[in-house]
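Letter by letter, the chains look like this.
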Amino acid sequence: MSEGLDTAGRPDWTADEMMTVAAARQLRDGRSCFVGIGLPSTAANLARATHAPNLMLIYESGCLGAKPDRLPLSIGDGILADTADSVVSVPEVFNYWLQPGRIDVGFLGAAQLDRLGNLNTTVIGGSYDDPKVRLPGAGGAPEIAASCREVIVVVRQTPRTFVERVDFVTSVGYGRGPGDRERLGLRGGGPRLVITDLGVLEPDPDSLELTLTRLHPGATVERARASTGWPLVIADDLGTEPAPTEAELTALRALTATLDGAA
Amino acid sequence: MSEGLDTAGRPDWTADEMMTVAAARQLRDGRSCFVGIGLPSTAANLARATHAPNLMLIYESGCLGAKPDRLPLSIGDGILADTADSVVSVPEVFNYWLQPGRIDVGFLGAAQLDRLGNLNTTVIGGSYDDPKVRLPGAGGAPEIAASCREVIVVVRQTPRTFVERVDFVTSVGYGRGPGDRERLGLRGGGPRLVITDLGVLEPDPDSLELTLTRLHPGATVERARASTGWPLVIADDLGTEPAPTEAELTALRALTATLDGAA
Amino acid sequence: MAKLVSLSEAIAELVHDGDVVALEGFTHLIPFAAGHEIIRQRRRDLTLVRMTPDVIYDQLIGMGCANRLVFSWGGNPGVGSLHRFRDAVQNSWPGRLELEEHSHAGMANRYVAGASGLPFAVLRGYTGTDLPRHTPNIRTISCPFTGELLTAVPALRPDVTVVHAQRADRAGNVQLWGITGVQKEAVLAARRSLVTVEEVVERLEPVPGQVILPAWVVSAVAEVPGGAHPSYAQGYSVRDNGFYLGWDEISRDRDTFRQWMETHVLEAVESE
Amino acid sequence: MAKLVSLSEAIAELVHDGDVVALEGFTHLIPFAAGHEIIRQRRRDLTLVRMTPDVIYDQLIGMGCANRLVFSWGGNPGVGSLHRFRDAVQNSWPGRLELEEHSHAGMANRYVAGASGLPFAVLRGYTGTDLPRHTPNIRTISCPFTGELLTAVPALRPDVTVVHAQRADRAGNVQLWGITGVQKEAVLAARRSLVTVEEVVERLEPVPGQVILPAWVVSAVAEVPGGAHPSYAQGYSVRDNGFYLGWDEISRDRDTFRQWMETHVLEAVESE
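Residue numbers (this note's numbering), protein chains in the order written: chain R, 1 to 263; chain C, 1 to 263; chain W, 1 to 272; chain D, 1 to 272.
Read the hints as simulated data drawn from the structure, not as lab findings.
Among these hints, one or two may not hold up.
Unchecked claim - Residues of chain C placed beyond 12 Å of chain D at every Cβ, according to the derived structure:
1. Pro72
2. Ala84
3. Phe94
4. Pro142
5. Gly173
6. Arg225
7. Pro231
8. Thr250
Stated by the list, open to error - A short, non-exhaustive set of chain W residues, derived as facing chain R with CB atoms under 7 Å:
9. Phe26
10. Thr27
11. Ser72
12. Gly75
13. Arg86
14. Gly125
15. Ile179
16. Glu205
17. Pro206
18. Pro208
19. Gln210
20. Asn241
21. Phe243
Said to hold, decoys possible - Derived list of chain D stretches under chain W, where covered just means 3 residues or more per stretch with a C-beta under 8 Å from a C-beta of chain W:
22. 18 to 32
23. 106 to 119
By construction, the Cβ of each residue, glycine as well, lies at the ideal position given by its N, Cα and C atoms.
Using the sequences provided together with the hints, build the complete structure.
Below is the structure:
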């Protein structure tokens, strides 16, 4: 029995926990990370609590170098200002810090993602003026996706989420394909990784199409294919993401426990 | 014997003191005033010490609402930051405070001034590339002259200073004449008053040419004409600026005394 | 110079039907009490401007105060969707709501341009997204030196901006700290401004990270302790996260929403 | 991440002949000691950038370190002219000094554009003055929404910016307060940056009005107590106004100037 499986062989961690741990592992110590609320914030703070104590967290509320000891409930949570190296205005965080490309990693979620890593958080179905579902909108995402040195997308994998073409391009991944980011003058590198509850996708070096490169323990190629709205390409050297370690799970659960208390 | 004359009939105040007092009188209480160092700063602080305790002093170093109890020696004097309502960055003082036209009065000096109130603080004589005298340059003056609701110029009157046409337009007064400020899109009102050691000049309502409207006690039209590099027009209703009061002189000398101590 | 007035007087004098109104506060210092007073005074046809329309705008929209929304992110932070906002966009209930949609960077720079007395702002933004196809006031501009193409957005000049702050002195000078968001720019960009504060004090003791709004750029100050609830005022209160979670249920159904607003806003006295 | 190094190491590593170098500090926190080290290390052909070139630039220019000056006001604040600056412009002594002349508003916005990763900035400035006729990088730009004509200036991107601050911690995070001028923008606009500080401390206690420069945007920090003299560091020293007045006499004559620099700068040990 591999580590992380209980006596009945079922993992003693959830798919969301696996996704969060896999995302946290991608954040190297000492880097700067532009963090949205929700799963990205959990993953970033898990990284700080484990292998990356000097990870620089930047929240769009203007908190630079925030070091919360619990999970913030919103990007404007008081603990972010209390623990930040510096709190700047919202115009400043976008103009002086994000726009020039100073931030290493941008962490984004999405309601829809397509095979070229474009993201939709605006509208689903119908038309823009008469949508089936109205989503919150862009927020900081378009410029995070444009300017961070690299982008990591964290999103659960379902056929409704992973679509051939997003209904609305809120944030640009690789646009329509190779050369598009350069043509558009986007200076950041674009989505380097998409981390889901099933595994990890990476852009194909040539086509830039998102390709399954790793599976989480227990996940299968079949499920990944069934959860993807386009013919999912599987990497020849498909790997497996290591299961969460005890240390990672303990740290993650200690963090998420702070949330339940708060609400 | 009028007040302010000694037993021999000589004024017991200097021409510079008269000029400073006349300038201070023009600053109404509760207004905001963009202040340069030197005589304008002395006059503005004299106004605060006498009739305008709530005059809002704004220094280009970013000090908003400074309330120095002595004369600052530079626009970056520590006492300005210590006593200010708020200290902002230099970009902010120009972009958020001066540029939108929030400041009532801009106080300027000059090395040269012409009959239409244009100011030169850049070069005198020769050419720009090979000048006879190289002056400090523009500083904040061009935008103060452009954006303040009105401008007051304080300058000693000599034929070398009061010229037909300035050698270099550092700051625009009325440009080449009526309609020019509007044509240039300058939103402030331009120079409302020029206060010298001899008297007060104001733009003619029609031609906008600077015209002598008041003489200081003891000054004469002849001297004013002789001290002006263009055929000086005298207002029909030429008035006299009241001599400094005891209160004004006491306050002014108390302020300037702080300077001697400092150096 | 800012006048010290009651909240109801301030809204009556400063906010009119049809105005362009910005209530700002980036999750911190959200002027909820002022928004509720706007609802009580039954303002109509407002263009509501806000980077992050959240629960307070959900309430204003659901109560029919607005026919237009200028924004960059409309959600219940940390919870999910705004049901009244969605109902208005998807079903025009209680009326049609026209949208003008931007990104945070675009909105922040539009306030900066307004505060700076400039007609537009330049940024690296929106490029390659579908936003410019639906928001006509996003244009391209080329650098006069390099020829590089960038994005231009027009200045925001609200008729009135409303913010909440920790303190003001009796002269009407305002002091806020913690996450100060875009409030300074929003106030300086507006023709009129109202600041509700936790307390009016004799003297504003300096605080690290403070932003000062001088009395001479503020129209009115109203003392409204707790005026940011369920948002918070650093140093005075903590965010009522339970309320935000509970709002999801309250706002889901039109009648439940109406009843809640009746009881907690319309029938509430001004100083909540 | 900022390295803690000695001033001489920092200048040797960060400032090279021919560099575009900005020493900023708006009468407060002027990095005099760093300027003196640049003189001691005999840098040449520098393009010196500074809103208010004053005594430190008079010294750099008089010692022949620069062949170009980008500025908006060159004088001895509260005293009068800079004689070495004038001698260089009027008589090309000790060498020709090319000028690129702007207004304060223009220079401040050029730093803002540099800090923002934009190629240019837009302002209401220069209009109707003779400056655009002699400074080619002042251009007009029209608003894509209103057609209004405004002024554009290109971003400033110094090879290295040098500033002085009150404190840094051991990680290299920098804290300054009082009149903070354009230092944050100048550091963020530069490719490399050096901050000299009054002291290195274990922890940066928050101070009202503070500006923080995170270690990850600073190349090097050098502890140089009194490194701003004859300028000052709020909370540590007061401005030596007598020195500024005295400089007028010292700098008037070429030989007197040279002798003074020999004795007080060239022969001085690094920690002055």
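Status of the hints after comparison with the structure:
The Cβ of Pro72(C) does not lie farther than 12 Å from every Cβ of chain D; its closest approach is about 8 Å, which violates its non-interface assignment. Not every Cβ of chain D is farther than 12 Å from the Cβ of Ala84(C); the closest lies at roughly 9 Å, contradicting the non-interface assignment. Remark: the non-interface label on Phe94(C) conflicts with the geometry, its nearest Cβ contact in chain D lying 4 Å away (cut-off 12 Å). Here Pro142(C) does not stay apart from chain D, with its beta-carbon only about 5 Å from theirs, under the 12 Å limit.
Separation of Gly173(C) from chain D is inadequate, the least Cβ-Cβ distance of about 9 Å not exceeding the 12 Å criterion. No Cβ of chain D comes within 12 Å of the Cβ of Arg225(C); the nearest lies about 28 Å off, and the non-interface call holds. Non-interface call for Pro231(C) relative to chain D: holds, since the shortest CB-CB distance, roughly 25 Å, exceeds 12 Å. Consistency note on Thr250(C): stated as away from chain D, and its beta-carbon is indeed over 12 Å from all of that chain's, at 24 Å minimum.
Annotation: interface hint on Phe26(W) holds; nearest CB of chain R at approximately 5 Å, less than 7 Å. Checking Thr27(W) against chain R: minimum C-beta separation of about 2 Å stays under 7 Å; hint holds. Checking Ser72(W) against chain R by beta carbon gives a least distance of about 6 Å; that is within 7 Å, so the hint holds. The closest approach between the C-beta of Gly75(W) and any C-beta of chain R is roughly 3 Å, which is under the 7 Å cut-off, so the hint is satisfied.
About 5 Å separates the beta-carbon of Arg86(W) from the nearest beta-carbon of chain R, less than 7 Å, and the hint is met. Contact between Gly125(W) and chain R, as hinted, is supported at the beta carbon level, the nearest pair being about 5 Å apart and thus within 7 Å. Of the supplied interface hints, the one on Ile179(W) holds, with its beta-carbon coming within about 5 Å of a beta-carbon of chain R, less than 7 Å. For Glu205(W), the interface hint is violated, the least distance from its beta-carbon to any beta-carbon of chain R being 18 Å, above 7 Å.
A hinted interface residue such as Pro206(W) counts as satisfied when its beta carbon comes closer than 7 Å to some beta carbon of chain R; here the least separation is about 15 Å, so the hint is violated. Evaluation of the Pro208(W) hint against chain R yields a violated restraint, the C-beta minimum of about 9 Å exceeding 7 Å. Among the interface hints, the one on Gln210(W) is violated; its C-beta lies about 11 Å from the nearest C-beta in chain R, farther than the 7 Å criterion. A hinted interface residue such as Asn241(W) counts as satisfied when its beta carbon comes closer than 7 Å to some beta carbon of chain R; here the least separation is about 5 Å, so the hint holds.
Because the beta carbon of Phe243(W) sits about 10 Å from the nearest beta carbon in chain R, more than 7 Å, this interface hint is broken. With a threshold of 8 Å between beta carbons, the proposed coverage of the segment 18 to 32 of chain D by chain W is violated, since 0 of its residues qualify and at least three are required. Check result for the segment 106 to 119 of chain D against chain W: holds, 3 residues qualifying (beta carbon to beta carbon below 8 Å, three or more required).
Of the numbered hints listed earlier, those contradicted by the structure are 1, 2, 3, 4, 5, 16, 17, 18, 19, 21, 22.
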